Amino acid sequence: MTKVIADHIVINNSSPVEGHYFIKLLSPVEIPEINPGNFAEILVDNTPEVFLRRPFSILDVDYEKRWISFYVKVIGNGSKRLGYLNKGDKVNLIYPLGNSYSIPVNAKKVLIVMGGSGIAPFILLGKELIKRNVKVVFLLGGRSSKEILLTDEFSKYGEVMVMTEDGSAGEKGIVTDHSLFKSTFDFDLVYTCGPEPMMKAVADIAGKRGTACQASLENMMACGFGICLCCVTPTHEGNKRVCYEGPVFDVNYLKWQT
Amino acid sequence: MANLNVKIHNLELRNPVTVASGTFGFGEEMAEFFDLNRLGGIFVKGLTVKNREGNDYPRMAETPSGMLNSVGLQNKGIDYFIDKIYPNIKHLDTHIIANVNGGTIEEYVEVTEKLNDLEKVTAIELNISCPNVKQGGMLFGISCPSAIAVTEAVRKACKKTLIVKLSPNVTDIAEMAQAVEGAGADSVSLINTLLGMAINAETRKPVLSTVTGGLSGPAIKPVALRMVWKVYKAVKIPIFGIGGIMNATDAIEFILAGSTAIQVGTANFIDPLVSLKIIDGIEEYLHRHNIDTVAELVGALEV
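Heads up: the sequence lines are chains A and B, in that order.
Residues in the first sequence are numbered from 0 upward in steps of one, following numbering that gives the first Met the number 0.
Residues in the second sequence are numbered from 0 upward in steps of one, following numbering that gives the first Met the number 0.
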């Protein structure tokens with residue numbers, strides 16, 4: 000797989016809600032094929048405080064116009080500084096990294112459950128699913144309506160459902176208590192990304208219905224391309240690199256303590 | 000064109016820039032980024048007799064100008080390396096140097112003996128300085144008698160160039176270097192990581208699953224330079240300088256302090272192409288200073 004290592008130029012950095020950013024960058028080279036779930040390593044500023052790169056899922060891409068975009072939720076120093084980026088700034092990126100979500104040929108209807116920054120991989124997955132005529136239900140969870148982003152975008156590819164802890168949007172409660180889980184569960188596959196406790200609960204529900212489930216993990220990484228062995232997760236075949244064998248795993252392959 | 004060739008014992012390196020064990024996998028992943036044959040050599044990920052899963056996650060903490068790791072020598076064992084990895088990298092036209100680890104002297108010897116038949120592994124790096132394992136590792140490298148014992152045993156078993164990787168977590172690293180030189184080492188590499196720890200004040204917990212880990216990156220460069228300089232004055236065997244090298248200037252500093260060659264480590268995580276930039280930068284430095292060969296700079300510090 001061809002990889003890009005290059006300085007990109009910020010075309011746009013917008014923040015619909017405080018602490019959440021959508022950053023679009025222009026590539027100086029042709030963008031190689033990017034699959035849903037692939038991520039990039041962003042060199043924030045390589046200062047003493049933010050020394051290492053930061054991994055982010057690739058949100059969207061336009062091969063013709065040569066742009067690539069990211070969703071950044073502010074968590075620590077690295078993500079905070081990405082929020083400061085202005086149009087015209089240069090940022091060094093490495094991509095595409097990691098594996099991707101897979102779509103079984105017989106899939107007719109799938110469920111995508113996401114929470115927090117877990118929305119990032121699912122625009123690309125939505126695009127891919129609609130190409131293959133797979134029906135999708137997007138279920139977004141968050142603390143409040145402020146954390147429910149990209150619903151307009153997701154609605155282009157399927158049905159959108161929302162659940163917030165304070166009830167300010169959609170149903171009230173945690174995402175795994177959504178009413179859709181109480182009705183006929185006719186999904187061929189569940190995709191999930193978000194906080195680990197949420198993904199474990201989603202995996203548990205999928206498991207009980209006998210439905211396959213793919214989860215994307217976001218362990219701390221030093222490199223992001225398989226050489227440092229810092230981001231491992233335990234699997235039934237030993238410790239595997241989230242950045243290289245992952246970030247997407249079939250949940251049954253993971254040794255998750257539920 | 001300046002001459003970048005250097006010699007470590009009987010190894011001819013096309014340039015002094017190599018990559019440190021544990022920061023470059025087995026080379027396979029990095030071959031996606033650049034032509035590995037441009038490197039002076041590749042120190043591959045640490046090997047043990049048997050499969051090791053390494054330590055629990057989290058194994059990494061970012062720290063000011065550096066990072067802590069406690070990977071704990073995760074690898075599939077020497078037999079897996081010989082059967083499954085070596086065939087994929089033996090075509091490389093650069094030195095493949097195996098980093099050898101053990102919990103006991105016997106284990107070090109077993110791994111070393113198995114490597115003897117691999118033609119393209121031209122040297123071994125005896126790692127007596129890993130701070131992240133409960134048995135062996137650094138324990139061998141922090142006392143002279145045990146360092147001598149393991150080096151002598153491996154020397155007898157080893158048909159290749161023998162490099163011993165030293166720990167900075169000692170009172171006098173020059174004394175350790177002299178001890179392994181006397182025990183038959185052809186070269187020393189230094190420094191391995193410095194013991195450190197990181198704490199999450201909010202949770203009152205250590206960041207690493209192992210509580211302590213090894214510090215690397217530019218944060219340790221001044222310590223490493225001092226140790227290389229000290230060792231250079233104490234031994235006759237050539238030195239691989241390691242410790243926070245991020246660019247060609249850093250590499251030149253290590254060479255001036257007495258390193259015949261250098262290992263790039265943590266910098267690989269930030270820029271996979273950094274080694275190539277360092278090679279080009281060294282060449283540019285030689286040109287700018289009108290120096291014919293990089294070997295002239297080794298230990299050329301003017302004090």
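Take these hints with a grain of salt, some might be off.
One-sided and incomplete, this derived list gives chain B residues near chain A with beta-carbon spacing under 7 Å [as the list claims (entries may be wrong)]:
#1 Glu31
#2 Val48
#3 Lys49
#4 Glu52
#5 Tyr56
#6 Glu61
#7 Pro63
#8 Met66
#9 Asn68
#10 Val70
#11 Gln73
#12 Phe268
If you are wondering where the hints come from, they were derived from the structure by calculation, not from laboratory data.
For clarity, every value in this text was computed on a predicted model and none was experimentally measured.
Built from N, CA and C at the ideal position, the CB exists for glycine as well.
Open item on the list: For each hint given before, does the structure comply? Return the numbers of the non-compliant ones in rising order.
Closed with: Violated hints (numbers, rising): 2, 3; every other hint is consistent with the structure.
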